[in-house]
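Novice: The primary structure of each chain is shown beneath.
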Amino acid sequence: MRAYEASRLDERARAALRLADAYMTDPGGIGPDLRSAVRTHFTAAETVELTADVLAFSLQKVTVALGIDAPVDPERLTPLAFDGAGRSVIG
Amino acid sequence: MCTMIDDATLAPLGRYAPEVLEALEASLASVAETLPSDLVEELEGCVQRTLGIRAGAPGERTPLSDLVEQYVVYVPGVGDDHRERAAEALASRDLSLRTFVEALYAVDQACRQRLAHAQLFEPDGGPLPRRRVAQPAVRPLDAAVRGLHAAAMRLPEIDPVTTELVRLRCAHHHDCHL
Numbered sequence: 004m005r006a007y008e009a010s011r012l013d014e015r016a017r018a019a020l021r022l023a024d025a026y027m028t029d030p031g032g033i034g035p036d037l038r039s040a041v042r043t044h045f046t047a048a049e050t051v052e053l054t055a056d057v058l059a060f061s062l063q064k065v066t067v068a069l070g071i072d073a074p075v076d077p078e079r080l081t082p083l084a085f086d087g088a089g090r091s092v093i094g
Numbered sequence: 327m328c329t330m331i332d333d334a335t336l337a338p339l340g341r342y343a344p345e346v347l348e349a350l351e352a353s354l355a356s357v358a359e360t361l362p363s364d365l366v367e368e369l370e371g372c373v374q375r376t377l378g379i380r381a382g383a384p385g386e387r388t389p390l391s392d393l394v395e396q397y398v399v400y401v402p403g404v405g406d407d408h409r410e411r412a413a414e415a416l417a418s419r420d421l422s423l424r425t426f427v428e429a430l431y432a433v434d435q436a437c438r439q440r441l442a443h444a445q446l447f448e449p450d451g452g453p454l455p456r457r458r459v460a461q462p463a464v465r466p467l468d469a470a471v472r473g474l475h476a477a478a479m480r481l482p483e484i485d486p487v488t489t490e491l492v493r494l495r496c497a498h499h500h501d502c503h504l
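Going down the list, the sequences are from chains R and P. Counting from 4, one number per residue, gives the positions in the first sequence under the numbering used here. Counting from 327, one number per residue, gives the positions in the second sequence under the numbering used here.
Here chain R stands alone, though its shape is the one from the complex (with noise of 0.2 Å):
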């Protein structure tokens, strides 16, 4: 997750990581090199979704600016799902 951009994943998975990363830092800075890479790869509905998509894991910043985001169990991964209602699923 760090380097992604050295990595092996291909041109469509690091323009979403991209559009994530500009979501974050900055929003109204998103240009057009990172545009233009995301409407080649995505359509008007899958963008919205991405940007829904960053939008619901954002919700992590509340746990973090609260300080409760300690692991579940740390010796091992948390398991997460997501129901049918899209409601998170932890442990």
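If you are wondering where the hints come from, they were derived from the structure by calculation, not from laboratory data. All values reported here derive from a predicted model rather than from experimental measurement. One or more hints might be untrue.
Said to hold, decoys possible - Among the chain R residues that face chain P by a calculated CB cut under 8 Å, a handful are:
(1) LEU20
(2) GLY70
(3) VAL92
Stated by the list, open to error - Derived DEER-like restraints, expressed as beta-carbon distance ranges:
(4) ALA417(P) with ARG38(R): 40 to 46 Å
(5) ARG90(R) with ASP407(P): 20 to 26 Å
(6) THR46(R) with GLU367(P): 33 to 39 Å
Glycine included, each C-beta is placed from N, C-alpha and C at the ideal position.
Based on the hints, put chain P in the right spot on chain R.
Specialist: Below, chain P alone, put in the same frame as chain R:
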């Protein structure tokens, strides 16, 4: 009063993810219902100035504005000092830190959606049409925020691998350990 929804820049959200737009509206309505109006104004102003939507010099620095700025710019930088000072300021207004941060989440995301869509899509022309006559009952803020999250997760267009990559990138940026 949160006033960032009647805006043509959110037309793509209304067209392709109307449930998300409705959930975002519901979250902002809950913010307006839960926080005193002067606090909503302070919160919106600080978020908008930090993200570059609103011009003008920042107001007097307060424990709440310090927390808001750090949250907006880089949330891993929010520390115990931010939390303690903000909680103390909110306690005098009978508000919890959690409630304030949930309100901050909704306001921050409404601004980011507006900014991102303004860059990603050509202007649609005209404000969003109001889509209902009667306002729905305002939900508690935590339920409204969870509803917004769930509405976004229900969108069907993006494949699960790309969604997971985006989730991991968000967790990396936010330094979330959950």
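Novice: Taking the least C-beta to C-beta distance, is VAL92(R) closer than 8 Å to chain P?
Specialist: VAL92(R) check fails; min Cβ-Cβ to chain P is 11 Å, beyond 8 Å.
Novice: Has the hinted range 20 to 26 Å been met by the Cβ atoms of ARG90(R) and ASP407(P)?
Specialist: 33 Å, violated
Novice: Once the shortest beta carbon distance from LEU20(R) to chain P is found, is it less than 8 Å?
Specialist: Nearest chain P Cβ about 5 Å off; hint holds.
Novice: Check the following: the C-beta atoms of THR46(R) and GLU367(P) are separated by a distance inside 33 to 39 Å.
Specialist: Given a distance of about 38 Å, which is inside 33 to 39 Å, the answer is holds.
Novice: When you take the CB atoms of ALA417(P) and ARG38(R), is the distance between them in 40 to 46 Å?
Specialist: Since the Cβ atoms of ALA417(P) and ARG38(R) sit about 45 Å apart, the hinted range of 40 to 46 Å holds.
Novice: Can you verify the interface hint for GLY70(R): is its Cβ closer than 8 Å to any Cβ in chain P?
Specialist: Hint holds; GLY70(R) Cβ to chain P Cβ min 6 Å, cut 8 Å.
In the structure shown, a violation is registered for the earlier hints numbered 3 and 5, in ascending order.
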